[in-house]
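Undergrad: So the protein sequences, as listed, match chains A and F. The end of the first sequence is residue 408 by my numbering, with every number in the run present. The end of the second sequence is residue 1163 by my numbering, with every number in the run present.
Treat the hints with care, since some could be wrong.
Unchecked claim - Capping the alpha-carbon separation at 20 Å, the derived lysine to any residue pairs in SDA-like fashion look like this:
no.: 1; chain 1: A; residue 1: Lys340; chain 2: F; residue 2: Thr750
no.: 2; chain 1: F; residue 1: Lys1048; chain 2: F; residue 2: Ser845
no.: 3; chain 1: F; residue 1: Lys1056; chain 2: A; residue 2: Val373
no.: 4; chain 1: F; residue 1: Lys1056; chain 2: A; residue 2: Lys340
no.: 5; chain 1: A; residue 1: Lys340; chain 2: F; residue 2: Lys1048
Since the hints were derived computationally from the structure, they do not count as laboratory data.
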Amino acid sequence: MFRIRCPYCGERDQIEFGYGGEAHIARPADPDALSDAQWADYVFMRTNTKGLFAERWVHSAGCRRWFNALRDTATDRFVATYVIGEAPPLPVPQLVPGDQAPDPAEAIPEEAAGGGQR
Amino acid sequence: MSRQSARRAQNRLDHGGLVDRTRPISFSFDGKSYQGFAGDTLASALLASGVHHVARSFKYHRPRGFLGAGPEDPGALVRVGSDPATMVVNQRATEVELFDGLEAFPQNCWPSLRLDFGVVNDLMHRFLPAGFYYKTFMGPPGSWMFFEPFIRRAAGLGPAPSAPDPARYEHMNRHCEVLVIGSGPAGLAAAREAARSGARVILAEESAACGGRLLGEAEGDALIEGMAPRAWRGDVLAELAANPEVTLLTRTSASGYYSQNWVTLFENCTDHLPPSEAGHLPRHRLWRVRAAQVVLATGAIERPLVFHGNDRPGVMLASAARTYLHRYGVRAGSNAVIFANNDDAWRSAFDLHDAGAHIAAIIDTRPDPAAAHREAAEAHGIGVRTGATIVATQGRGHIRSIDVAAFDAGGVTGKPERIACDLLCVSGGWSPNVALFSQSGGSLRYDETLAAFVPDEARQEVVAIGACAGDFALAEAVSRGVETGRTAAREAGFVASATDPVAGETRDAALPYRVTPAWELPSNLPKTRIRAFVDYQNDVTAKDLHLAVREGYGAVEHAKRYTTTGMGTDQGKIVGVNAIGVLSGVLDKPIGEIGVTTYRPPWRPISFGAVAGQHVGGLFHPRRTTAMHDWHVENGAVFETVGDWLRARVYPQPGEDFEAALQRECRAARNAVGVLDASTLGKIDIRGKDARSFLNRIYTNAWMKLEPGRCRYGLMTNEDGMVFDDGVTACLADDHFHMTTTTGGAARVLGWLEEYHQTEWPDLEVYMTSVTEQWAVASICGPRAPELAADLFDDIDADPERFPFMSHASGHIDGVPARVFRISFTGEVSYEINVPASYGLWLWRTLMERGKPYGITPYGTEGMHLLRAEKGFIIVGQETDGTLTPVDLGMGWAVKQSADFIGKRSLTRSDTARDDRLQLVGLLTADPGFVIPEGSQIIASGREQSPRTPMIGHVTSSYFSPTLERSIALALIAGGHGRMGERIHVARRGADPVPATITGTDFLAGLKEAS
Ligand SMILES: [Zn+2]
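Looking at chain F on its own, in the form it has when it is part of the complex (with noise of 0.2 Å):
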């Protein structure tokens, strides 16, 4: 890196923080190049340099700089990386870590960060009020279509990669006695004590380094047990790396918690790396743990004050100031103003006071800050204004200065004060990172003390320790860790040695907290002037919460989606409870009775990747194939994906198109053999010796009387009447069944059968066993289909007349046994063959090679679909969509009324029994060679155009038959049953209706008649 750049990082300190002055690292930003150190954050690494302007905001691209120095912060969102398929935009500026090459860019911005062109909607702000997008989504027709390309524009911060992620991804789960998500020392504390019992203990630390607020706060003459608090820190850090049953994850943020202890973390494992050092690592894993105790130590998020002029780049969280200086070393500013309503931010202008900055006021509005801060600050020299407020600020593009004055309950009083400044420091206190608290149904208790809501009654097993409990003392964090780390692993059933050495002093080098509200702060402005941001990242103003309430939504969870206030990619981290605090000045009810919005996970953005971790391309669902798998692939065959199953859809030959194949394929069922690989189907054998009755209550028809070695084809409804599954069944013997189910719907019916055996009928003495993969199935048909079987069988009669249609028989093929089912999907005489799976490719070889003299040809699922559809046989999900009854499929003589079965009482319900229902019957187009496109929606009369058509039906299968030489449809049309030779007229997009009739659904049938 040039030597220009290094000179450029005026505000680095020449020691203390956490970053490596011996490891520089170059990056750029917007373009240009910066120097920085291991263990800077792109915005530790900016401010060294003086940056503060780094990215515009959502609607009225306002610039923005860095409120915070972590994951709270709302504004600084920036892209990283150029390449279409790795950049990740949206990244916080204060969380992304320095490497060597790290190129940053700003975002919603253009053409640049400096001149920005969407700055017209903040001049424009007065007619962008809150509610914008919803007046415009209810508001008169055609505003939405006006302002639709505007708010498309405008909409997201970021673009979306162009290009497939080349990154892995990873799932891990764990369980663990002790969870403790972060690690100030609350978290440390905790973490130690229940790891000393032997607990399993995880440790999950959002950021780079443990330490929480030690490392961003002075050391001053503070002690934990005896010991400098980062000297601690190292202790501890260190104990906790030498127990094998301590998983400590940096990194790493809890992103959701879930019922029973269930919680999500997220952990980044390589994008702070350069890319040629991430290795073999995933860059994200999605950890999924099973806690048997949680300890929430996850701090408190400090907020700023809402007043005119708060949302400059150079406007900055107190204790973000104090981050940047004790954990970066980067002192954020060389003039600073301190603007707050506690004690606690008075810090901020002793450190940056004696790290060499000038401060040039501390604005308190309270009239009373603590005494010892007031001797402190006379000390050094820091003039004090007290129970006084920032009435307006001044910079473009960084704050230059500000106006102070005094202010009581009636608004300012004094004439404002013009101070210089090159930074500010706010602070209107803390709010305890509830956050995870409340994802884990735990409900909420406002404090008025601490003017912030805090953790109440806990529904999991989880306790909430340190800042996140409201407690803000390092002593009590400290000492609740320890008790609570102990108390977690004893509940889990781990108690630690009695030798553990006993705890020295712990005290805290600052004052007691202390924090008098103050939501809203007047201005001398007029009220319509007046711009105080509660929401950095989606420019929610607190005229805007006034807006909300005055047209009625004033309730929490409405003024947050009126206004979209906590609505961006920080979820109102920082702005909450700056919200729910106007809206209680506005409403003027106390801020308990306001109450909060719901948290829900993720409680920071997750990368998708994480989300679907390893679970992609060839793991993303299992794919079953069959015996015969093999040959398909040698042979050419297109597959398609049946439920779980790779089935071979067509066999097209060289030179030869899907169609024509197909085409070939069902001519030769028709005129020669045809096979098909049928081993998919779900297949059930059913045992016991009330199998009968059983199957009897299952079906819609009747199974009483089926005798051993015949078969019977089945439909099953739901108690509601409608078809689900179908299938043809075969007795073997009394109490013996061979039961088939499509192929999606196997589990499924295997399910169905369970489930009403134990839950309604458990006194059935019956047995079900899937045997889908026992079993391989190859079917033959067509009319030399009997003389291959002939050829085939060793000691089963082949011949049609004594081995009849829906009959079946056992014996052997080449010794190897066999089960022959005699039934029909096509209209051809048919002949199922089963054999044991691992003979599944031996007989496919088998019948291509000893059918060949027979004209043997293959065909896939789509002959099968073209075959069926010419016979007219439905196919479940494919005719039916779980709305049609048998009746409605034309089936009503497989509907039994001797006895009863699931589903009977409905089909005499009086829908049901309309007679205008969807029905199931065939259509013949009038051009026999337009073959409709599946799908098509059914119209009365080939005149109505008008988008108002009544709909009587749609298409639900059709092809172009070779049989009939001529195309061919299945569809659903109201009252379809009644309307036999009508005709009706197909709807096209873009094209005239096509005319058609209305036939039966078995087309074959008029041919035999007519040959």
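Looking at chain A on its own, in the form it has when it is part of the complex (with noise of 0.2 Å):
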């Protein structure tokens, strides 16, 4: 079981939290402007990292509200909690276009960081 920061109530135990996927997956603006793969590229399909992934998570049980997390899906090690909207603290390979892990050294494509709220 995790200890999770919640960013607005600080360190609890994870039974007061729920999981909410990948995160900075914004909902397309226009839905009917895509294609059924490009729609269904949006509902169904998720990256499954290896490391660092940028995920949401919900404090059900304190303060109700939605964050998200980077955490390393090989350790479980979480690496930082941060509000809703604003990018990543640290650069993320699941929001780099492409199949190219980023250099980690290399500051995360603008639009990507802050395209969605989700």
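Build the complex: two chains, separate frames, hints provided.
TA: Printed below as a string of structure tokens:
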């Protein structure tokens, strides 16, 4: 069981939280403009990262607020939690377009980092 | 206890050990009476009486004795107790503590331990090779059918208890700075140092007494900090006991190591006590500990050697023989052979010799045992064979003799020599107990010098010390313990004071540990006849591992599963490394490259009771009841659970059965007035200037033009377009709405609204508050409902003409504020009356009293289901299952084209637009009296009866309708909307299919046309 730092309340046990899957996937502004495949990609497809992963959590038995977390899925270590709307404090592979893992020294592309609220 | 039994304890020493010779204890095993002492385990007491053979193995039913002396023992499994409720099976006799009146029994044997028919498996072993189960499962059709009865009989060791468990269990949650697991010299030193800093320390010891190997070894001239080891142990324990920040738990094993130093401890509170002394204590506790720092001092486990005939009772780990001697005062044999590949095991020869046993031989596979040992053996007059191995053993229920021969890399070289013995102490070296370290995510490294896996890199805040870390020397264990205890406390923010006493000298009585691995030893027998056991519980031999490799299952995780090595209740505690060693030999690869199988919780078997803790019976799940609950109880309601709620399902009157009550309630609702407790409906108060546009994005239908005072039914879909909730929402003001949800979906819908508001549309000004519990709701319906309503309301005009359907009003009933919604789930004229919850029971009683002249009848959820089915209204979760769109449900009218909403785009995906999807329809059976069982499968033709008949849908709701005086059903049928009037058939098990006709879903519509 994890200990998770809610950005609003502080550290709490995992039992107070709900998991929300991959973070930084913005809901398309105009769904009708998307092909079936593009829409299906938004609805169904998520990256399955081994390593640093940006994901959503909700403090459902606490302040009931959603926030984002960076967790290493291989070690289960939480690297950071941050509020919705903020860019992740570290570069994360899932936000880099294409299949190329990012060079940590490089900044995350701005449109990817700030692209979605989710 | 009789004198006869006392005489039988011939192997008990006059002195030594932790047993209390002034407190004799009577117990029985296999129906015979024995005597032991307080402090004994079942194993030590039986050994004192010369009993070795106590169990039979899983597969071949071979006789099993005591290989170990603690939790690692694989074979000596017994049943304790005979009460069908409280008996426990698969208990390790090496851990079961004696109490007066204890009854233990052998298991996995029939008709008796000595004469066991299951032993035919042993004679048939050539036909039960490794991978037997796998081959049977995957083999030609029918082979599983053939073997199943045989395997079922053989599966499992002891029988499960057959009556409810009367014991109590509990969970404890704790935080601490330093959790020390294991109380050998390293663990005691670490706990003491950490505690001196003022940190909260928990020390968990698996057995009944702290001390670890200090209790199992001769003290000799050993010193710890200048003191005799057991005196030092006493001082440390006294210091820990006096410290209020220290929790010292004995009989407590760390069972699971999870993320962020969350460790579960399994404490046995009463299993070691006679039932009369258990008092108010729970039987087991599960401690759930979050520790800032964890110190693993879990010691090491000795492993046996793999040679032909190594599994007879009387074959015992060398260290276990010393434990029985020094901890329990029991000499496990009087004529012993020691067989080892390391210097440590020689201690058993000298200690047993000093305790009066004859040592028939020391056999060492190495050519070069320690010179000091050889000199000591000579001084003791003990014969030594080096570079030799045991090639066979004799003795059916107990070892009688061994055959020893010289060997080299090519195999056995000398002529075997037979040596008589009644105890064979074996040692293949020590394996650090890395299970918890590995569970914590830490990596392991194979240490060539130690011939063992040791902790490598930690992934959490955890340090392994002492033998667990491969530090087998006493001085190193203690100094590392001291240092680690201090560091762990400091890391957690606590610093030891500078006045701590300086430690005195620590020195070992034993020689430094030296080992030369010998994983699989040769025999002079033909290869097919060699049976060298690796796993003593699941009966896996070295030959089985060879077979696994030959058949392509050489990877360590594959070999484990193919042969079931380490998959018994012992989880391979003593056998794991030997299996890897044997694989390494077969594959001719270094052990480090073979790797280990994954260690998973629990470290040892724990009870389901401890896992459940207090969360059983009434505490299993919270139950919510409405404000009217007491009335329902008083009036004989039958209840059902809906979500967390208890709801009245039906109100049978005296002499009335369920179905009759249901029909009566529904007739009343159609002909007079019915009343339903609808308080459990989810209610969410939604406010803010953007509340309306928010609703418009959430619901599939349009909300922008709903006027204050009006209500609207709405559907919610996920982004995949599938319906997940529905309900009526009322517009109280332009920026204020009252949403209702399904009873079971209330919490999820609130979460859904919050999620989208916070993560997608934070720019919208909208506030959501759950008000489910603030309002009590009574829904009255039926032709006479308007009269009752008119009678009831102080200041609301109840006339359906002026208070029309799908509108609402606020007013009072006898001065009590009320919100009334003119919405209907039955098709009848309805008034859904909401009052503050504290007036709920009053409202209900008032309705029952004032409604009497109009024939008011309460109806429960079953009547509600029936009435709405007559009208063709869906129940989310009954008609829907997360795979249906609004269009599938025939509610395309509720899908707006004007604006986007959650899930809209999915409704035009190629899959959701298919016209052969399952669609909701009505069904009328040809026989109006036949009520289709809900869930029935629908087929196209009545003649198709082969197993491959395609199913074209299924029945979701089915009732006998009192209004239509015939059966009705709702069903999902492929392309159903285009098949109106078609005849289909409902499949039945063991009976002919029943014909039915596809209709619309509103069964009342036809009735009204007709009337
Ligand atoms: Zn919070």
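Undergrad: Hints first: check each against the structure and report whether it holds.
TA: Each hint, compared with the structure:
At most 20 Å may separate the alpha-carbon atoms for a hinted pair to count; A:Lys340 and F:Thr750 meet this at roughly 19 Å. Annotation: proposed proximity of F:Lys1048 to F:Ser845 holds, straight-line Cα distance about 14 Å (limit 20 Å). This hinted pair does not check out: F:Lys1056 and A:Val373 have alpha carbons roughly 28 Å apart, beyond 20 Å. Proposed proximity of F:Lys1056 and A:Lys340 is contradicted: the alpha carbons are some 33 Å apart, above 20 Å.
For the hint pairing A:Lys340 with F:Lys1048, the CA-to-CA distance comes to about 41 Å; that exceeds 20 Å, so the pair is violated.
The structure is inconsistent with the numbered hints 3, 4, 5, although it conforms to all the rest.
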